[in-house]
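Visitor: For the protein sequence lines, the chains are A and B, in the order given.
Heads up, the first sequence stops at 441 in the numbering used here, and the numbers go up one at a time, no gaps.
Heads up, the second sequence stops at 230 in the numbering used here, and the numbers go up one at a time, no gaps.
Calculated from the structure, these hints are not laboratory results.
Quick caveat: nothing in here was measured; it's all calculated off a predicted structure.
Idealized CB from N, CA, C, for every residue including glycine.
A few of these clues could be false.
[To be verified] If you only want the chain B side, here are some residues facing chain A, beta carbon under 10 Å, derived:
hint : residue
1    : R38
2    : A97
3    : A104
4    : R111
5    : T113
6    : G135
7    : L140
8    : I141
9    : S143
10   : D152
11   : E153
12   : A156
13   : L181
14   : P183
[To be verified] Derived, one-sided and incomplete: chain B residues facing chain A with beta-carbon distance under 10 Å:
hint : residue
15   : L32
16   : G98
17   : C99
18   : Y117
19   : T118
20   : V123
21   : I127
22   : C128
23   : H131
24   : K134
25   : C139
26   : G144
27   : R207
[As the list claims (entries may be wrong)] Between beta-carbon pairs, the in silico distance windows are:
hint : chain 1 : residue 1 : chain 2 : residue 2 : range
28   : A       : D80       : B       : A187      : 28 to 38 Å
29   : A       : H236      : B       : S203      : 51 to 61 Å
30   : B       : A180      : A       : K258      : 42 to 52 Å
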Amino acid sequence: MGASLETALSQPRAAVAGCGAISATGAGIGTLADALRDNRSALRAREAFAGKRYQTTVAGWVPEETIAQLAARDPEHADARAFLMADAALREAARNLPTVAAGRRALVLSTTKADILAMERVFHRQPCSRTAHRHILPRLLADDLAAAHQVRGPVQCVSAACISGLLALQQGASLIERGAADVVLVAGADIVSHFVLAGFTSLKSLDPEGCRPFDKSRTGLSLGEGAGAVALVRRDLLPSPVWTIAGWGSSNDANHLTGPSRDGSGLVLAINRALQRAAVNADGIDYLHAHGTGTLYNDNMESLALRAVFGENVPPCSSSKGIFGHTLGAAGVLETILCLLAAQANTLPGTPRLVECDPVAPQSMLLQPQPATRLRCMLKINSGFAGANAALVLRKEQA
Amino acid sequence: MSDIVIKAACWLGPQGFGNDQTGLRDWPTPLGEALRRGELEELRWSELFKSEAQRFARMDWLSRLGLMAVELLDVHFEAREAKDLEQTGVCVETAAGCLTSDAEFLRLPRPTVFSYTLPSTVIGEICIRHRFKGPMLCLISSGNSTRTAMDEAAAWLRDGSAKSCLCVSCEAVSPDAAALLPPDLALENTWQACALLLGRKSGDPRECALGNDTLTETCRHLCRATRRC
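Please model the entire structure based on the sequences and the hints provided.
Guide: Structure, rendered in C-alpha cells:
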C-alpha cells in the first residue's frame with residue numbers, strides 16, 4: 043500500500059509559499075511567532091459569555107479589537123466573522139505568490155461550523171446580513187472566499203471534525219500533485235459561540251481553568267477560534283529551500299463516536315500511512331506536533347499511539363492548544379503554521395500550560411521551547427470526533 | 002477511467018429505493034406517502050433490512066440515511082478480512098450536512114444531539130458498523146451533486162491509499178433546518194441518500210465503468226437500469 047518512493051519523488055510536490063493567521067494571539071503570524079517564542083498562553087475568560095452555565099468561558103478568543111479592525115477594513119462583511127477571519131489569513135498567506143492563471147488557482151476550506159454566529163442570530167431572529175446568512179452553509183463560505191481571492195479552479199470544502207485542517211492541507215497537496223492546480227489556498231476557520239460552548243459543556247469536556255495538554259492533572263480541553271491559511275504552490279515554481287507537504291494519511295478508529303480508541307491503533311494507521319507516502323522512516327522525524335487537547339482520553343490515546351510508532355524514541359514533541367485553544371476546523375492549519383514558524387526560528391516549540399508531565403506521555407515532551415539542532419522533517423497529527431485521525435509530514439527540501 | 006470500476010450502487014429517496022441489482026422499487030403505501038411528505042421518522046431500519054443496526058434509533062437522520070445506503074448496496078462486508086476493511090475508505094458528499102441536528106441542538110441542547118452536529122459523524126457511524134479503517138473525507142458541496150467524491154475516492158485507489166472505497170451522498174433537511182437558510186438557498190431535496198462502492202477491475206459481472214455523471218446521477222441511473230453494462 044502507499045506510493046512507492048520513485049512515484050512519490052517524480053510527482054510535483056506542493057510547497058509552502060506563505061502563511062497567514064488570526065488567532066487568540068491577534069492578527070498575523072508575527073503574533074503567533076511571539077507567543078511561540080515566549081511559550082505564552084493567550085487563553086482568557088470572556089465576560090460576554092459568563093452566567094450561561096457553561097463549564098467555563100476560558101478559551102482562545104480572538105481579541106475583539108482584532109475583529110473590529112477587520113470589520114472596519116471590510117464593512118460589507120462586518121458581521122460575517124468566519125469570512126473576515128479566513129479572508130484576512132488568506133490575504134497574509136497569499137502576499138508573495140507566483141502569478142498563475144485564475145483557472146490554475148484552487149481553494150480548500152476546512153471548517154466544522156462555518157458561520158455558527160450567523161446561524162444563532164437567525165435562530166433567535168436577530169439581525170443578520172445576507173452575506174453572513176449564506177455562510178451558514180460551509181460551501182458558500184468557501185465559494186465567497188474563492189471569489190474574493192481570484193480562484194477559478196477547483197474549490198473544495200472539508201468538514202471532518204478536528205482533522206478538517208489536516209485533510210484540507212492533504213487535499214490542497216493532492217490537487218497540485220494530480221496537476222489540477224498550480225496554486226492552492228488552504229484556509230481553516232471556526233468560531234467559538236454559545237452553540238459550541240453549550241455543546242462541549244454538555245459533554246463535560248472543558249477544563250474550567252484552561253487546558254493543560256499532557257499534564258498529570260489535566261481535566262479537559264479549551265476551545266479556541268480563529269483562522270489559518272497556507273498557500274501551497276507547485277514545488278518547481280518556488281526557489282529553494284522550501285517546506286513541502288511530503289506525505290499524509292487518514293484513518294477511522296471504527297470504535298466510538300465521541301471518544302478515541304483506547305489503544306491508539308487508528309492514529310497509528312494514519313501516521314504510518316503518512317510516513318509511507320512521504321517515504322520516510324519513523325526515525326527520520328525530527329519534531330512532532332501533537333493534537334494534545336488536554337482531555338484525559340485523547341492525550342492517553344495519543345501517547346500510546348506515539349509509543350507504538352516510535353517505540354522509546356519518540357521525537358521531541360509538543361502541543362500548542364495552550365496557546366490558542368482547540369480551534370476545531372482551523373486546528374490542523376493553525377498548528378501546521380506553528381510548525382513552520384518554529385522551523386523558521388530554528389526552534390522546537392514548548393507546551394504552554396503544561397506543568398507536570400503525565401508519566402504516560404512521551405519523555406520527549408517539551409515544556410519550554412528549545413533550540414533545534416536538526417529540523418528537516420516534521421510530523422503533525424490530529425484526531426477527532428467520529429473516530430477520525432490524520433497525519434501530515436512536512437519536509438524541508440533543498441534544490 | 003483506467004481500471005477503477007463501480008462494484009455496487011444504490012439509491013433511496015422519496016420516490017423509492019433499490020440498488021443496481023434489484024432496480025428501483027416504490028415504497029409501500031402509506032409509507033411512501035409519508036416519506037414524500039418528508040416524514041422521515043416513518044422510515045425504520047426494519048422497513049428495509051432484517052438484521053439489526055445497533056444504535057440506529059439514537060442516530061440523526063444523516064447517519065441513518067448514510068447507514069441505510071451502505072446496507073442497501075448489498076455487499077457482504079462482514080465476510081471480508083480485517084486487512085481489507087482496514088483498506089476500505091469512505092468519502093461522503095453532502096450540501097446541508099448536519100443542519101437538521103444543528104437546528105435540533107439550537108432548540109434543545111443535549112449531548113446526544115451535539116454528537117451529530119458534525120457532517121462527518123455519518124462516516125463514524127458507517128465505519129463503526131462495518132469496521133472500515135481506511136482513509137476518510139467529508140466534502141461539503143454547494144447543493145448540486147458533483148463528481149468530487151468519486152474523483153477523490155478514485156485517487157485513493159490509484160495511489161494505493163485504499164483497496165476499495167465507498168462514496169456516499171446524503172441529505173436530510175428538516176423543516177426547522179430549512180428555516181435557518183435564506184429563502185433562495187432552499188435545498189432542492191429534503192432527503193435522499195445514495196452510495197457507490199469503487200474498486201479495481203476484477204472481472205465480476207456486476208462491475209461497471211465510471212462515467213461522467215455526478216455521484217447522485219450515477220447512482221440513480223445504475224439503479225434504474227439494472228443490467229446496464
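Visitor: None of the hints should be skipped; say for each whether it holds.
Guide: Evaluated hints:
1. R38: 24 Å, violated
2. A97: 7 Å, holds
3. A104: This interface hint holds because 8 Å falls under the 10 Å limit.
4. R111: 6 Å, holds
5. T113: For T113/B, the interface hint holds, since the closest Cβ of chain A sits about 9 Å away, which is under 10 Å.
6. G135: 7 Å, holds
7. L140: 6 Å, holds
8. I141: At 4 Å from the nearest chain A Cβ, I141/B passes the 10 Å test, so the hint holds.
9. S143: 5 Å, holds
10. D152: Hint on D152/B: holds, closest Cβ of chain A at ~9 Å, below 10 Å.
11. E153: 8 Å, holds
12. A156: For A156/B, the interface hint holds, since the closest Cβ of chain A sits about 6 Å away, which is under 10 Å.
13. L181: 5 Å, holds
14. P183: Result: holds, 5 Å to nearest chain A Cβ.
15. L32: 29 Å, violated
16. G98: 6 Å, holds
17. C99: 9 Å, holds
18. Y117: 8 Å, holds
19. T118: 7 Å, holds
20. V123: 8 Å, holds
21. I127: 9 Å, holds
22. C128: Since chain A brings a Cβ to about 4 Å from C128/B, closer than 10 Å, the hint holds.
23. H131: 8 Å, holds
24. K134: Nearest chain A Cβ about 5 Å off; hint holds.
25. C139: 4 Å, holds
26. G144: 8 Å, holds
27. R207: 25 Å, violated
28. D80/A with A187/B: 28 to 38 Å: Once the Cβ atoms are compared, 50 Å apart, the range 28 to 38 Å for A187/B and D80/A is violated.
29. H236/A with S203/B: 51 to 61 Å: At roughly 52 Å between Cβ atoms, S203/B and H236/A fall inside 51 to 61 Å, so the hint holds.
30. A180/B with K258/A: 42 to 52 Å: About 48 Å separates the Cβ atoms of A180/B and K258/A, which means 42 to 52 Å holds.
Against the hints set out earlier in the document, violations occur for numbers 1, 15, 27 and 28.
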